[in-house]
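Residue numbers (this note's numbering), protein chains in the order written: chain A, 1 to 294; chain B, 1001 to 1425; chain C, 2001 to 2273.
Because the hints were derived from the structure by calculation, they are not lab data. Just so it is clear, the structure is predicted and the values come from calculations on it, not from any experiment. All C-beta atoms in this analysis are idealised placements derived from N, C-alpha and C, irrespective of residue type, glycine included. Don't take every hint at face value.
In silico lysine-lysine, DSS-like type, Cα no more than 27 angstroms apart, as pairs [unchecked claim]: (1) C/K2002 with A/K100; (2) A/K214 with C/K2260; (3) B/K1315 with C/K2260; (4) C/K2260 with A/K100; (5) B/K1148 with B/K1070.
Pairwise CB distance ranges (calculated) [claimed, not checked]: (6) B/E1047 with C/Y2137: 56 to 64 angstroms; (7) B/K1210 with A/V218: 55 to 63 angstroms; (8) C/T2041 with B/K1210: 50 to 58 angstroms; (9) C/T2052 with B/V1026: 37 to 45 angstroms; (10) C/T2052 with B/K1210: 54 to 62 angstroms; (11) A/L142 with C/K2002: 29 to 37 angstroms; (12) B/G1155 with C/T2020: 32 to 40 angstroms; (13) A/V284 with C/I2249: 38 to 46 angstroms; (14) B/N1098 with A/W11: 44 to 52 angstroms; (15) B/D1255 with C/T2041: 50 to 58 angstroms.
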Amino acid sequence: MNAAPRAAAAWIFLSPALAVIGIFFVLPVLAAFALSFTDFDIYALGNWDYFRFVGFQNYVRIFETPLFWTALRNTFYFVLAGGPLSVAVSLGTALMLHSKLARFRTFYRTVFFLPVVSSLIAVAIIWRYLYHPAHGLLNYALSFAGIGPVDWLGDTAVAMPAIIVMAVWKNFGYNMLIFLAGLQNIPDDLYEAAHLDGASGWQQFRSITLPMLKPTTVFVVMITVIGYFQLFAEPYVMTQGGPLNSTTSIVYLMYEQGFRWWSMGFAAAIAFVLFAIILAFTLVQMLLQRSVKR
Amino acid sequence: MNRLRAITPVLLLLAGISCGPQQERVTVLKFWGFGNEGEMVQPLIREFERMHPDIRVEVQQIPWTAAHEKLLTAYAGGSTPDVCQLGNTWIPEFTVLNALEPLDRFAGASATLQLDDIFPGVLRTNIIDSALYGVPWYVDTRVVYYRKDILQQAGYEEFPATWSGVLKASEAIQRIAAAKKKVAYPFFLPTNEWVPAIALGMQSGGNFLKNSGANGNFSGPEFTRAFTLLSEFYAKRYSPSGMQLITNLYNSFSDGVIVMYITGPWNIGEFTRRIPPHQQKLWMTAPLPSMDSLTPGISLPLGTSLVMFRESRHKEAAWKLIEYLSSVETSVRFYGMTGNLPPRRSAWRDSALASNVYAAAFYRQLQRVDPLPQIPEWEQIVIRLQTYVEYVATGTLAVPEALRRFDGEVDVILEKRRWMVENAR
Amino acid sequence: MKRRTMSLLLNSGLFLIGLTTLAPVLWMLSASFMPSGEAGTFPPPLFPSAPTLEHYAALTERLSMMRYFLNSFIIAGSVTVVSTLLNSMAGFAFAKYQFAGRDRLFGALLSGMVVPAQVTMLPLFLMMKEMGFVNTYVGAVIPGMASIFGIFLIRQFVSAIPDSLIEAARIDGGSEFRIYRTVILPLCKPILLTLALFTFMGTWNDFMWPLIIMTDQSNYTLQVGLANLMGEHVLDLELMMAGSVVTIIPVLALFLVFQKHYVRGIMVGGVKE
Chain A
1 MNAAPRAAAA WIFLSPALAV IGIFFVLPVL AAFALSFTDF DIYALGNWDY FRFVGFQNYV
61 RIFETPLFWT ALRNTFYFVL AGGPLSVAVS LGTALMLHSK LARFRTFYRT VFFLPVVSSL
121 IAVAIIWRYL YHPAHGLLNY ALSFAGIGPV DWLGDTAVAM PAIIVMAVWK NFGYNMLIFL
181 AGLQNIPDDL YEAAHLDGAS GWQQFRSITL PMLKPTTVFV VMITVIGYFQ LFAEPYVMTQ
241 GGPLNSTTSI VYLMYEQGFR WWSMGFAAAI AFVLFAIILA FTLVQMLLQR SVKR
Chain B
1001 MNRLRAITPV LLLLAGISCG PQQERVTVLK FWGFGNEGEM VQPLIREFER MHPDIRVEVQ
1061 QIPWTAAHEK LLTAYAGGST PDVCQLGNTW IPEFTVLNAL EPLDRFAGAS ATLQLDDIFP
1121 GVLRTNIIDS ALYGVPWYVD TRVVYYRKDI LQQAGYEEFP ATWSGVLKAS EAIQRIAAAK
1181 KKVAYPFFLP TNEWVPAIAL GMQSGGNFLK NSGANGNFSG PEFTRAFTLL SEFYAKRYSP
1241 SGMQLITNLY NSFSDGVIVM YITGPWNIGE FTRRIPPHQQ KLWMTAPLPS MDSLTPGISL
1301 PLGTSLVMFR ESRHKEAAWK LIEYLSSVET SVRFYGMTGN LPPRRSAWRD SALASNVYAA
1361 AFYRQLQRVD PLPQIPEWEQ IVIRLQTYVE YVATGTLAVP EALRRFDGEV DVILEKRRWM
1421 VENAR
Chain C
2001 MKRRTMSLLL NSGLFLIGLT TLAPVLWMLS ASFMPSGEAG TFPPPLFPSA PTLEHYAALT
2061 ERLSMMRYFL NSFIIAGSVT VVSTLLNSMA GFAFAKYQFA GRDRLFGALL SGMVVPAQVT
2121 MLPLFLMMKE MGFVNTYVGA VIPGMASIFG IFLIRQFVSA IPDSLIEAAR IDGGSEFRIY
2181 RTVILPLCKP ILLTLALFTF MGTWNDFMWP LIIMTDQSNY TLQVGLANLM GEHVLDLELM
2241 MAGSVVTIIP VLALFLVFQK HYVRGIMVGG VKE
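Isolated chain A, as found in the complex:
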């Protein structure tokens, strides 16, 4: 068998998917990249005479825009607080479900996954109500603990934590499944050997579970970070970026600049700055991982 016809077969298998991705994803991305060097906005949309190539002006303007720094801070807040929390909850629930002592495991697995399959609009409707300052369930529950009513989505100090809690609730089930898979892949005889050596439960967890789970954890952290950096839908449906921009994320800012104020060129530039940030973050993570391995 020679390789040439097989390579041809490979391309035939690839071409439909690549064509779709090329035309309906890569091409628009390239177009957006080109737009980021123009001042395409509402004036240009109305009249092409008002269209200019502006070089890197949009990129310079990003760093002069106070709202960008706010959005950057909010996004990091969400990634650095929500990311670890989400991973921890996923790992915790996975460990609990994996334990042989746990009952009704399938039932709980389904329950934990329920928010993942629910639509965000429906979730937003429920949570906006739970968070309602006057007659929401959450404030009602807290009132028994003597905690006064909190305006969860209207107070700049708690709006982002409220978004984080909702996002973790919505998403932890997915990572939990991945962790469960990782746990199930750890051979039982490792534990048996450790048991014979007289290792305690905690020692077994430290010396077997955690190291064996490392590839899974790396994967989960990676997809969580990438996903959380692109925070958009939750603030969009819950707070519209408010109050006072306290939940405006970078993608939300991009969306607002592009589709609300129609500064498409500027919005595109914001998207590529975010792209650079995520890429840098991912590379750092990969480098760290490699250096730890050595």
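Please arrange chains B and C on chain A, whose structure you already have, making use of the hints.
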């Protein structure tokens, strides 16, 4: 009903086959309504269709939160509707796009639409470069809601007509509350709102922008005076400087923690519903106080207009719909259904509105509203202003520094406009 | 003894977390049966005082939810069928063929996952307009016909299939497409189910693209229709809850039926790098 509508095309097709070319032509209009209004308008539309058997109206409901992006994409994609409701602050933006049809020729020939019957300040928001681009559908402005009993205790039988009067009343109210060891914020000015700041700015002379709208002028003398007055309310603790203290406006109002508050017409219904029955006689509305001797003080000309898109191929029919929806009779009925205030002054003589004691302040206020700068960037600018209201309220920045920084930000937003003005395009 | 305490702790912990996770959803279900206005009272009622179906009736009569339901179903169904096919072919090719630039191409694709999808929306919309697909099912379906994540998932799975199986089929004289159809696809069943479910749910739950591309209300999907209910001065809380229930139930049912495969698929996709 819906199933019937789904097979209507089939029926029409069958009818077309059997009747042949004599079949009467039906014009189909597309009307976009936002959120709840898109649904509430349905019975009115059905009646319009009964009156005009040759016109069929397809109403499309757009979620409020996505209305703006939906309209802009529709424009970019050449799929705008025939008629649409549009907040009057959005009109400048869509005229820049050249998306709207000027309505002067229709309005001039109309038998029922009397432009001089519409509140003049609101009508002016629909006129850009002396062409009419929208017909007001309902109007909205901001007035003061206040506790009559508490102001009386402080020695005010009538609501103060000037801001200095309001400051004095606030001081008295706070003194009385302190004597009773109670918390009181006499005048609630939310830090996440730009409306009070802009209303004060208009009262002190406007001039928000300079150089033909190419630069911010918020650090100019007029707005500085307005912002200083606003900051006084926070400095003297007449208003809370954060939002966390007031989680439920209606409870705070009923507890007397808040005594005065600037808000819009929808709160008539909310106050009626949410203030406990025994307190219903204790609240009232008043037009804004004034910074000079002319009363009432100027407020904002808000509201929603009906616009026709340039791309519409059924302009005559579209106008009929606009004419019908903005008529005195329809707007009075719409008020009954939604509480939205009619734009025609003659409609206010209708008993339902005339007998509403809370609406009277709105009527007086609507006579004294002034247009805002008609540039597409305006909404973006005032939303950014909220951040600076908070800076000043919390004492993070002093008024001059806050306004200087705000002007810097406004200038960045207006960069394109400046280039256009400089190149005299 | 110690074991029993552990078990008690663990199971009560699970119960608490389960309750927290489930409570919002259960409350939504309960509120959807409350008479108008009851859910907005204080303290919040946990159960309807007089259960009613009026909001479900209103959804179908007044708000043409059935129509939206059908639209959602057609769009999500088409995307699922097409994308599962295209992604599985591409994933197979990436996993089991050697060709020039393979790894670089795959890496480039993966880096595409980092691009915020919102940035493509406007150029994509303008393309759809040029192609005449605005306000059509085709326009709603096309951008979802292949996905980088789907290809990635399949590749991960297929990589684990021993080459010997493919070689054996080749020796038997099977064409490459036959190998894909008779060897790969049957072995891939769990991951295909995962991907199909995943795609269906993703498309079913998508809000922004259908809103932008569908200009006629008769073409709206459930999510867009539901978003319409979320007004600024919300009064019909119970109606919105009923709407939420209607949008969640189909995907939930699918998940319950296929969850075994689904869970297995996710596990395969997640673990290996």
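Hints versus structure:
1. C/K2002 with A/K100: The given pair, whose Cα atoms are some 15 angstroms apart, holds under the 27 angstroms limit.
2. A/K214 with C/K2260: holds, 25 angstroms
3. B/K1315 with C/K2260: violated, 58 angstroms
4. C/K2260 with A/K100: holds, 19 angstroms
5. B/K1148 with B/K1070: Between B/K1148 and B/K1070 the Cα gap is close to 44 angstroms, so the pair fails against 27 angstroms, i.e. violated.
6. B/E1047 with C/Y2137: 56 to 64 angstroms: Since B/E1047 and C/Y2137 have Cβ atoms about 33 angstroms apart, the given range 56 to 64 angstroms is violated.
7. B/K1210 with A/V218: 55 to 63 angstroms: holds, 56 angstroms
8. C/T2041 with B/K1210: 50 to 58 angstroms: Distance hint for C/T2041, B/K1210 holds at roughly 52 angstroms.
9. C/T2052 with B/V1026: 37 to 45 angstroms: This hint holds: roughly 39 angstroms between Cβ atoms.
10. C/T2052 with B/K1210: 54 to 62 angstroms: Holds, at about 60 angstroms.
11. A/L142 with C/K2002: 29 to 37 angstroms: Holds, at about 35 angstroms.
12. B/G1155 with C/T2020: 32 to 40 angstroms: 53 angstroms Cβ-Cβ, so the 32 to 40 angstroms window is violated.
13. A/V284 with C/I2249: 38 to 46 angstroms: At 43 angstroms between Cβs, range holds.
14. B/N1098 with A/W11: 44 to 52 angstroms: holds, 47 angstroms
15. B/D1255 with C/T2041: 50 to 58 angstroms: violated, 19 angstroms
In the structure shown, a violation is registered for the earlier hints numbered 3, 5, 6, 12, 15, in ascending order.
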